[in-house]
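Q: The sequence shown begins at 1 in this note's numbering and counts up by one.
Note that these hints are calculated values from the structure, not bench results. Given the structure is predicted, the values throughout are model-derived calculations rather than measurements. Honestly, I wouldn't trust all of these hints.
[To be verified] Capping the alpha-carbon separation at 16 angstroms, the derived lysine to aspartate or glutamate pairs in EDC-like fashion look like this:
| id | residue 1 | residue 2 |
| --- | --- | --- |
| 1 | Lys-164 | Asp-4 |
| 2 | Lys-123 | Asp-4 |
| 3 | Lys-3 | Glu-172 |
| 4 | Lys-166 | Glu-108 |
| 5 | Lys-164 | Glu-5 |
| 6 | Lys-123 | Glu-5 |
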Amino acid sequence: MNKDESVLARIVSEVFEPMVVFLAISLIGAWHVHLRGISYGLYTLYIVGVGVLIAVARVRLMRVMHTNWDISNRVKRVRLLLMLLAFSILLMWSTYLWHTPALSRLFELFVLWMVGFFLITLKIKISGHMAVAVLAIGLLVSWYDMSLWVLAILVPILGWSRLKLKRHNILEVILGTAYSFGVLLVNHAFIAFR
């Protein structure tokens, strides 16, 4: 791999770091469901604060497990995912404080997504970058009436970066993409039948 490709792949992967994407989609989602004013400000502070706590906990866990930021070892990933699942449940529970049912449903979706991702990781390592990006892009596209469909071009670019950096193989990238695509389809069907 030449140096320019390596740098570009690293930048793409860092921009789409799953924790950052979840943070962004949590903030955009709250705005989408019309959380405004001081409530949105407090929500933003809360989400950013929890994001910082998660990042600190992740760094500590990485040191204890002697692993890299991506936690390439599937078995070690399970421990991290347990921590992230706990934080997801805390966030879901705490969204009820904002008395915005649509926001709570978004975090219910996040928790269900995380449970599925955790269960899959017990058997096979799939790309978290791909899974989170597809989930976020799918939500944005559905919220804004398909007007952001051009975001879909980011999916193959991110897949390329994960493969170039040798963080995943092609199967893991495809499975990460397919997992979130499936979750989005089920979520869309569920909403349609409500």
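Q: Has the given pair, Lys-164 with Glu-5, been kept, meaning a C-alpha gap of at most 16 angstroms?
A: Holds, at about 8 angstroms.
Q: Does the alpha-carbon distance linking Lys-123 and Asp-4 stay inside the 16 angstroms limit?
A: violated (35 angstroms)
Q: Holds or violated: Lys-164 with Asp-4, Cα cutoff 16 angstroms?
A: With a Cα-Cα distance of about 11 angstroms, the restraint between Lys-164 and Asp-4 holds, given a limit of 16 angstroms.
Q: Within a Cα-Cα threshold of 16 angstroms, do Lys-3 and Glu-172 meet the stated pairing?
A: Violated. Lys-3 to Glu-172 sits at ~24 angstroms, over the 16 angstroms cutoff.
Q: For the pair supplied as a hint, Lys-166 and Glu-108, is the alpha-carbon distance within the 16 angstroms limit?
A: violated (32 angstroms)
Q: For the pair we were handed, Lys-123 and Glu-5, check the Cα-Cα distance against 16 angstroms.
A: Between Lys-123 and Glu-5 the Cα gap is close to 31 angstroms, so the pair fails against 16 angstroms, i.e. violated.
Of the numbered hints stated above, those contradicted by the structure are hints 2, 3, 4, 6, listed in ascending order.
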